[in-house]
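Undergrad: Here's the letter readout for the chains.
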Amino acid sequence: MDFSRRETIALGLGAVALSVMPFRVAASTEEVIAGFTGGADVADGGVTLTAPEIAENGNTVPITVAAPGAVAIMIVATGNPEPAVVTFNFGELAASQSAATRIRLAGTQDVVAIAKMADGSFVRATSVVKVTIGGCGG
Amino acid sequence: MASGVKPRVKVPKSAAAGSAITIKTLISHKMESGQRKDKEGNLIPRSIINRFTCTFNGKSVIDIKMEPAISTNPYFQFDATVPEAGDFVFTWYDDDGSVYDAKKSVAIG
Chain A
1 MDFSRRETIA
11 LGLGAVALSV
21 MPFRVAASTE
31 EVIAGFTGGA
41 DVADGGVTLT
51 APEIAENGNT
61 VPITVAAPGA
71 VAIMIVATGN
81 PEPAVVTFNF
91 GELAASQSAA
101 TRIRLAGTQD
111 VVAIAKMADG
121 SFVRATSVVK
131 VTIGGCGG
Chain B
1001 MASGVKPRVK
1011 VPKSAAAGSA
1021 ITIKTLISHK
1031 MESGQRKDKE
1041 GNLIPRSIIN
1051 RFTCTFNGKS
1061 VIDIKMEPAI
1071 STNPYFQFDA
1081 TVPEAGDFVF
1091 TWYDDDGSVY
1101 DAKKSVAIG
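Sequence order for the protein chains is A and B. Here this note's numbering is used: the first residue of the first sequence is 1, the next is one more, and so on. Here this note's numbering is used: the first residue of the second sequence is 1001, the next is one more, and so on.
Derived by calculation from the structure, the hints in this document are not laboratory data. Where hints are given, some of them may not hold.
In silico DSS-like links for lysine-lysine, alpha-carbon gap of 30 angstroms or less [said to hold, decoys possible]:
| # | chain 1 | residue 1 | chain 2 | residue 2 |
| --- | --- | --- | --- | --- |
| 1 | B | LYS1006 | B | LYS1039 |
| 2 | B | LYS1059 | B | LYS1013 |
| 3 | B | LYS1024 | A | LYS130 |
| 4 | B | LYS1037 | A | LYS130 |
| 5 | A | LYS130 | B | LYS1039 |
| 6 | B | LYS1010 | B | LYS1103 |
| 7 | B | LYS1010 | B | LYS1059 |
| 8 | B | LYS1065 | A | LYS130 |
| 9 | B | LYS1010 | B | LYS1065 |
| 10 | B | LYS1030 | B | LYS1103 |
| 11 | B | LYS1030 | A | LYS130 |
| 12 | B | LYS1059 | B | LYS1006 |
| 13 | B | LYS1006 | B | LYS1030 |
| 14 | B | LYS1103 | B | LYS1059 |
| 15 | B | LYS1103 | B | LYS1013 |
Between the sequences and the hints, there should be enough to build the whole structure, so can you do that?
TA: Quick look at the structure:
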């Protein structure tokens, strides 16, 4: 079976499209963040994200976020198949706008915390976590 | 209902009125992410707890929306204000519709 130059190029493009496809299924990081902020500007600072520099096991990475004056904090893992991780909504009896949990990271990546402040503005903090063993199976 | 789900909560038995206390919660749950594959290469369907709430005498302390990127046996630590004696109610909502809850009383003193 012979391929003309045109067919070969078409096949190549098809292969590229197929290999890119899986990453298109889940909403991108920008879309997830826009869904939380409603497209508002996000300033740096005002929120503290504590994460380990190196996580040996991506299945349980301990993180802590704190943002005094926030009403909600969202965590986004930019390199995960599904970037959204968790959203903390603080109620009237929350003594501090901080929380700690354990998350899964697929690989070395930026973890972003975005806080919605009481006045409606948004702030963010980013932390790079190096992951030795990814936490998404597969 | 996922089998073997057991909520565990750590709350001080008593606190000074108006003071802040730290609460730790853990619930045993496999939190299947929907990304893993079984031996035959089929995707294992997602099965996670997608929401956790904590209230004190009916007032909200924290309401957490969870995604598959939360680790197995979800753990949370947060701070709550105790204005008077009463009960903390913790509720977990499973993808399959199950609801798990735990209740802890706090005295003033």
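Undergrad: Is B/LYS1037 close enough to A/LYS130, meaning Cα to Cα at most 30 angstroms?
TA: holds, 24 angstroms
Undergrad: Between the alpha carbons of B/LYS1103 and B/LYS1059, is the straight-line distance 30 angstroms or under?
TA: holds, 14 angstroms
Undergrad: Between the alpha carbons of B/LYS1030 and B/LYS1103, is the straight-line distance 30 angstroms or under?
TA: holds, 22 angstroms
Undergrad: Please work out if B/LYS1103 and B/LYS1013 have their alpha carbons no farther apart than 30 angstroms.
TA: Holds, at roughly 12 angstroms.
Undergrad: Could you grab the alpha-carbon distance between B/LYS1006 and B/LYS1039 and see if it respects the 30 angstroms cut-off?
TA: It holds: about 28 angstroms lies between the C-alpha atoms, which stays within 30 angstroms.
Undergrad: Are the Cα atoms of B/LYS1024 and A/LYS130 separated by 30 angstroms or less?
TA: holds, 27 angstroms
Undergrad: Sort out whether B/LYS1006 lies within 30 angstroms of B/LYS1059, counting only the CA atoms.
TA: With a Cα-Cα distance of about 24 angstroms, the restraint between B/LYS1059 and B/LYS1006 holds, given a limit of 30 angstroms.
Undergrad: For B/LYS1010 and B/LYS1103, compute the direct alpha-carbon distance and say whether it is at most 30 angstroms.
TA: Holds, because 11 angstroms separates the two Cα atoms, which is no more than 30 angstroms.
Undergrad: Keeping to a limit of 30 angstroms between CA atoms, is the pair of B/LYS1059 and B/LYS1013 held or broken?
TA: Answer holds: B/LYS1059 to B/LYS1013 is near 19 angstroms, not above 30 angstroms.
Undergrad: Taking 30 angstroms as the top limit, are the C-alpha atoms of A/LYS130 and B/LYS1039 close enough?
TA: holds, 28 angstroms
Undergrad: Is the hinted pair B/LYS1030 and A/LYS130 satisfied, with a Cα-Cα distance of at most 30 angstroms?
TA: Within the cut-off at roughly 24 angstroms; holds.
Undergrad: Check the hint pairing B/LYS1010 with B/LYS1059 against an upper bound of 30 angstroms on the C-alpha distance.
TA: Answer holds: B/LYS1010 to B/LYS1059 is near 19 angstroms, not above 30 angstroms.
Checked against the numbered hints given earlier, this structure breaks none of them.
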